[in-house]
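> Got chain A sorted already, so can you dock chain B onto it with the hints?
Protein chains: 2
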Amino acid sequence: MKSEQIVLASRPHGLPSSENFRFEKRETGKLNDNEVLLKTWYISVDPYMRGRMNDVKSYAASFQVDQPIAGGVVAKVIESRSKSFAKGDTVFGMLPWATYCVEKAENLRKVDTQSAPPSYSLGILGMPGLTAYFGMTEIGKPKAGETVVVSGAAGAVGIVAGQIAKIHGSYVVGIAGSDEKCKLLKEQFGFDEAINYKTAKAMRKVIAAVCTKGVDVYYDNVGGEITDAVIDNLNFHSRIVLCGQISLYNSIGIQTGPRIFPLLLTRSILVQGFIVGNYSNHFGEGFAHLTQWVKEGKLKYKETIIHGFDKLPDTFISLFSGKNQGKMLVETE
Amino acid sequence: MKSEQIVLASRPHGLPSSENFRFEKRETGKLNDNEVLLKTWYISVDPYMRGRMNDVKSYAASFQVDQPIAGGVVAKVIESRSKSFAKGDTVFGMLPWATYCVEKAENLRKVDTQSAPPSYSLGILGMPGLTAYFGMTEIGKPKAGETVVVSGAAGAVGIVAGQIAKIHGSYVVGIAGSDEKCKLLKEQFGFDEAINYKTAKAMRKVIAAVCTKGVDVYYDNVGGEITDAVIDNLNFHSRIVLCGQISLYNSIGIQTGPRIFPLLLTRSILVQGFIVGNYSNHFGEGFAHLTQWVKEGKLKYKETIIHGFDKLPDTFISLFSGKNQGKMLVETE
Chain A
128 MKSEQIVLAS RPHGLPSSEN FRFEKRETGK LNDNEVLLKT WYISVDPYMR
178 GRMNDVKSYA ASFQVDQPIA GGVVAKVIES RSKSFAKGDT VFGMLPWATY
228 CVEKAENLRK VDTQSAPPSY SLGILGMPGL TAYFGMTEIG KPKAGETVVV
278 SGAAGAVGIV AGQIAKIHGS YVVGIAGSDE KCKLLKEQFG FDEAINYKTA
328 KAMRKVIAAV CTKGVDVYYD NVGGEITDAV IDNLNFHSRI VLCGQISLYN
378 SIGIQTGPRI FPLLLTRSIL VQGFIVGNYS NHFGEGFAHL TQWVKEGKLK
428 YKETIIHGFD KLPDTFISLF SGKNQGKMLV ETE
Chain B
128 MKSEQIVLAS RPHGLPSSEN FRFEKRETGK LNDNEVLLKT WYISVDPYMR
178 GRMNDVKSYA ASFQVDQPIA GGVVAKVIES RSKSFAKGDT VFGMLPWATY
228 CVEKAENLRK VDTQSAPPSY SLGILGMPGL TAYFGMTEIG KPKAGETVVV
278 SGAAGAVGIV AGQIAKIHGS YVVGIAGSDE KCKLLKEQFG FDEAINYKTA
328 KAMRKVIAAV CTKGVDVYYD NVGGEITDAV IDNLNFHSRI VLCGQISLYN
378 SIGIQTGPRI FPLLLTRSIL VQGFIVGNYS NHFGEGFAHL TQWVKEGKLK
428 YKETIIHGFD KLPDTFISLF SGKNQGKMLV ETE
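Same order as they appear, the protein sequences are chains A and B.
With the numbering used here applied, the first sequence covers 128 to 460.
With the numbering used here applied, the second sequence covers 128 to 460.
Note that these hints are calculated values from the structure, not bench results.
Be aware that a few hints might be false.
Because identical chains share one entry, a pair is satisfied inside a single copy or across any pair of copies.
[Unchecked claim] In silico lysine to any residue, SDA-like type, Cα no more than 25 Å apart, as pairs: (1) 340 / 185; (2) 427 / 416; (3) 427 / 243; (4) 270 / 185; (5) 340 / 183; (6) 268 / 408; (7) 268 / 394; (8) 268 / 406; (9) 270 / 424; (10) 214 / 128.
All figures in this text were calculated on a predicted structure; none of them were measured in a lab.
Just chain A, same shape as in the assembly:
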């Protein structure tokens, strides 16, 4: 089968550009036993993938130059030599950015297309949803009446994290990058307040004004100066859920900022960095809660779907200027 694929043409220096990606044509190769031939349906673009473009040892292996980018994909089985999957099945896997591919059955998970849209496997019922779930429930542990601030609140993880804090009875404040996103957070996702960091003049004071009892949980997706401003408002015994640092992913070299350890010390603050894989033994539990909440209407969701495989590089790049509302995806057709 002829396939189109996208390889890393060169490692980005700072913000990626389309020159860092290259489209190639290739043959998927023959199907062996226990393999399936897949037609790609939805491809996930996630901020963490930026880190994989650097040649640095981290929790996820680096992408290699001239090799395909890979990430979360939902695909249709169009031919199967596996007992686990039949033609027509929808599957999820960590797969190359390609229109077609051959994959071992053991690396795939069947997607139930009846109970939720299949693309949800890349979002609320997938890695971003589980990330929000475990970060908020295992680290943030929000209590009724506590104040929870979520940065990157209108993103794939933030939008879920904030709603989970609401389910726990907390007062929830989102930080996002446009008035439209802020409106969305309050009107459609039940956030109590939302702050547009791009128009706020003094974030420290704006946060203090909105969080009149201080901040007990900070779910951080962005880092940098927004985080500095939240930290100044943290209460004694508060928790920082260190989930993402998107504002720094394209930094060249190590950025500097205020030294925060003295404040973390005097206020007995917890910071816990994490990746969702740390909780892999509990994915079943997380998945069950998320599915239940979605079914009950307690957890709402939003996707920004871009159409066309050729749009993938630009869609990925646009994550860093906050073009998405909720989960950003590319649908291949």
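Okay, now just chain B, sitting in the frame of chain A:
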């Protein structure tokens, strides 16, 4: 009774100087029911007291200008109108820097002078010992075979924290400010290695060379650039016990340094700020362990005792240039 006392003459700007302190004479006043008259024996000087000299809300109330400095004191009862204490008893309390004082019995704890030197109530069997115990066992949780780094290792807390990690079977590296202190840590306190940060040329590399398997627990008493260098060597799932930041206590304004959240995130690192008071419900347990270990010879201790009440301000100030080995105290006579 005529007493001499030391008041905060003015708030220090940066490193305190003797001008920030003033000696005064006063009468202790009359003894009421349930009070005792005390003759001060040992006075503790502790780095955290610097924070109390600022007019900033923190976990410990600020000292007031023209009012006595106060802190940990061991004293002798010379007159008692309390059933709890008899003349000749030795007691511990949070008391003013004064040669004599009258205090309510309920604020004092009797010191057992038989099982350990009475001054130990200000150190290994007191607040610094409990701080080391809870920070290391409740936050650091060192395991056999793990690598533990302690900064400020030759100080009152560090010297105990490192030995507790040794009791747990870890490989323990101390960071201190002189070759003499490093020798002491290795030869008398069982540290596996010790680094003199004043002569080390590139701390990141020196730590990497000594901690060949990376760092699993960092017990931080100092902050600043030493901490930056340790953080670079932290392992996945490592823990930072955020106990002290002595290198920054005399800073004017907020210092800047590298932004560490991206690294804490990708390595799933825990940071927990704490004060010993957070564990007050478990002081009995901590005290029992420390006492047992001292008795068994597993936990050794060192004090730097300065003689003369008039030496108090200079002794306190000298903490910040690392003049102490182990616990620094002033004996009034």
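> Which of the listed hints are broken here?
none
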